[in-house]
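A.B. asks: Note that the protein sequences, when read in sequence, are chains A and B. The opening position of the first sequence corresponds to residue 1 in my numbering, with each subsequent residue numbered one higher. The opening position of the second sequence corresponds to residue 1 in my numbering, with each subsequent residue numbered one higher.
FYI, nobody ran anything at the bench for these hints, they're computed from the structure. Just so it is clear, the structure is predicted and the values come from calculations on it, not from any experiment. From the three backbone atoms N, C-alpha and C, an ideal C-beta is built for every residue, glycine too. One should not assume that every hint holds.
As the list claims (entries may be wrong) - Pair by pair, the computed Cβ-Cβ distance ranges are:
#  : chain 1 : residue 1 : chain 2 : residue 2 : range
1  : A       : L209      : B       : T118      : 35 to 41 Å
2  : B       : I266      : A       : I87       : 48 to 54 Å
3  : B       : F41       : A       : F60       : 45 to 51 Å
4  : B       : H23       : A       : T204      : 44 to 50 Å
5  : A       : W37       : B       : S151      : 22 to 28 Å
6  : A       : G240      : B       : S69       : 34 to 40 Å
7  : B       : F35       : A       : N148      : 17 to 23 Å
8  : B       : F41       : A       : F143      : 21 to 27 Å
9  : A       : A190      : B       : F41       : 43 to 49 Å
10 : B       : L119      : A       : R200      : 26 to 32 Å
11 : A       : F52       : B       : S151      : 31 to 37 Å
Unchecked claim - As a list, the in silico SDA-like pairs of lysine to any residue whose alpha-carbon atoms are at most 20 Å apart:
#  : chain 1 : residue 1 : chain 2 : residue 2
12 : A       : K185      : A       : V94
13 : A       : K101      : B       : W20
14 : B       : K53       : A       : G144
15 : A       : K3        : B       : R185
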Amino acid sequence: MEKRVTFKGWLLPLLLVFPQLLISAVFFFYPAGQAIWQSLFIPDPFGLSSQFVGLGNFKFLFGDSYYRASFVTTAIFSILVTLASLIPALLLAVVADRLIKGATVYRTLLIWPYAVAPAVAGVLWLFMFNTRVGVVSWYLGQFGYDWNHVLNDGEAMGLVVVASAWGRVSYNFLFFFAALQAVPKSVVEAAAIDGARFTRRFFTIVLPLISPTTFFLLVVNIVYAFFETFGVIHTITSGGPQQATTILVYKVFSDGFVGQDLGSSAAQSVVLLVVVGLMTIIQFKYLEKRVHY
Amino acid sequence: MRALDTLPDGMVEKRGSSLWLSHLVMIAGVLVIFFPIWLAFVASTVTQPEIVKPPMPLMPGDHFFENYSRALNAGVNVPVTTMLVNSLIMAIGIALGKIAISLISAFAIVYFRFPGRTLFFWMIFLTLMLPVEVRIVPTYEVVAGFGMLNSYSGLIFPLIASATATFLFRQFFMTIPDELAEAARVDGARPLRFFFDIVLPMSRTNIAALFVILFIYGWNQYLWPLLITTDPSMNTIVMGIKQMFPSGDDTADWPVIMATSILAMIPPVIVVVSMQKLFLRGLLESEK
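With the rest of the complex left out, here is chain B (with noise of 0.2 Å):
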């Protein structure tokens, strides 16, 4: 924050009913906001009946523990607790896996001259904007190949396929002073020994704020899970719900999919929140 409050008022603006006004915005812009998740939260505590038929009560009914435990025990295709295991064992493989082979390979970029350095260097660089989206039929067959269709491994490895952590790391790692790789070279340190010791733990606040950015990524994601997880006990919750849906002419269970939702966005929303100040600066800095 600034030093705004050493300033005296009204320096810059008048205050006062500008000021309400200013909230004012700032709350009807909340609420516009909030109003999708506050709509979605009524219908999950409300009855079918109340739902379909139109207008929708816009206050939480007595209905909550009944639509969530249906929803997290029997679901639709699969109960929703399947679906959220899933997605957590998704989101943390990807974020972990990607941090993982990223922290080393940006350790041996930054701290060696060896054969093919260049080469590799511009190769993860080329992997950098690829979304999955644009090669998924030719991936989709890769995954198919190996038998990972229907896996969790099928789930997370072609999604840490793309440098954008590397990169990140290197840039980090530009920044720790050359002085302590040469202490630790003047004192018989191994590589290894500096990265465990001094790089890893340097790098702490980097790594759990990627692993914020990360584990959102992973969690929601749809097209990759659409594709290779036609078993419906592997679905995960995001592209699970639209499944829940069923097709030709029935009725939505509004209340199931509507909690359902609820439960897709609550473990993101709480990471985002809880670790906010580690997830802007992951934001802010991921993304220069």
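For reference, chain A alone in the conformation it holds in the complex (with noise of 0.2 Å):
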């Protein structure tokens, strides 16, 4: 696509594609050029040399039990978190557009969470679990349960998807709600006078038209779930107990600037770059197909 009426010259739009060009280089490409050069080195323990050591960081950091682990954990963070945002973002939408009246208002009191920050949300929810002053903590123990995300692996695990799915119901319930809405009347009104029930109704024509939203509430999902619930991890459990909710991104901080191996956080970087490279490929072929759509 491109405009056929442009204006001469050339020294203007230079000027003009300077400042960002400048910032890019500068807190962009240069930083993450140095991130690749690093993985490729160990310093020293004082910082003053480094030595060339090729893949060596790559083939530490696969080699190194923690590290995988926390691909795993990644992974199973990632996916319950998706799917802990989109199943109830998508119920709330369906039920909020078979209404006729007040589907606005619920939609302004369902925003709210999407602009408190993760840290937030983790501080909030932190509260409510807290092991010796939590409401919830509390009423489970009146239960007989004995909650303690200090301890207990999956309790944590549970701890930092809902609170880093909470405010995610909010963004996909938007984004639900919109496609809903976009849905042809006609067609859904055609499969009722064919006598088609709501469900099925639901599941053989509304579903597959909202598609393309809900391909892309899942990458964006899982692209929040692996860069931007550092906050969550962060004020509840800290990537504990014993690195069960480290994920990459917590573990290129926790090594880097906790533990200092420069080396190793490069590379972790690194993998990362790759990672969100892949990622925005996935999301680009979905565009694209969209775009023909």
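Now that you have both chains on their own, put them together as the hints suggest.
C.D. replies: In structure tokens, the structure reads:
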């Protein structure tokens, strides 16, 4: 897609793109290049010199059982966050779509959590499930269930998943609601006249029609779970207990800043770079499809 | 809204009992979603002893002003007012900075053919999806090298180095009719004149929608401020809350922490709810 009408000259456009170019170069391309470069070296303990090790950092990384475990943790975490945020959102959107009046009121109320930062969401959920003062954990205790996410792996994972998914329910709801509103009424009515019941109509007509939105949300929620949940994990579990909630992004942080293992942290950044690249390709493949749709 | 009201009732769905059920489900959904916020609000209006002896009350107490003024004026490490101001500067800086640089570069890409244009286009394309989380260590080193730790520019600049906004404006500029540019050219208007007189006014809604999205993006940043603001007086509110928890076994000052949490969510919530239409538009368009 190109404009037919353009202006002449090359100095002005270069000046216009210069600020963005400069900022991208300094804060994006240079650091990204540095990450790739550093991933090939091991710095000495004093940071004075470093030794070229080729792919040694990567070999070491994938030989490290903690790193491999972190991959599995990230996969489980992302799948759970995606499901826990998509399913309630779709349910609420379907119900809201059936309402003639009031749907926008509910929408206004449901938008709220989207504006709440993941780190703040983490604090809210931590407060509810705190082992000493948490209301929910206290009531669970009354029912004989001893909640302790500080010690229990599964409970820790469950808590960070719910806290991460919470704000995303709003986000996904908005997209599902918009998609459902765009489903042509006539198609649904035709099916209704032919005697198809609500569930049948939903699974054979509505769900296929909103599948582009669903797929899009699937991708962005996985991206979210990978990269934007750092605040939730840092506030609630700090990656614990015993790395049970250490997702890849958290490990880059804890190895690079807390552990000061720069070579490994850089190699991890490069691995994440590849993961992001793959996700971008998937997303654009899908975008392309939708343009021709 | 679709013109559903014109249809006879019960055409697609039986109304009545199922309608009530729908409202019931929505209300239940809203209550469940709101519960964490409600609890935080309650905690911010009661005293510490009421919280540490569980179960805490589920209805607000009468210490609202006391807790909030304690948070705003004293906080734990630094008054929350300071953190609020820092967050505000950061969020507005990111939103305005990103909008400004992307507007002009999108204009250049769409309305000019200049050497290196394709290269530039691919470069910004690359920045599109790589979040700061992935390149934190080297980016931190760059910012430290410039002496920008504990500064607003250090908080803002690395986060505007992504091209999402440029793409959005490019998409929008492509929809501006060619006749307008042609007319401007025939009239002998210079490119910048065309930009300020035609393109900018036409982009107003898009700019506003993007502002809402970027403001929230900036306000809710956590990892980056955590790394580069070691000085409590430069903390942003979202990252500062975690710093209010005591290390070790001391009991956290829950009423103040929860008041701070509420204060941290008020600005973005106000922006989202009050500019809902713009926000929805920005959200649905920017993610396409």
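A.B. asks: Go through the numbered hints given earlier and state which of them the structure violates, listing their numbers in rising order.
C.D. replies: Going through the list in order, the structure violates hints 2, 4, 10 and respects the others.
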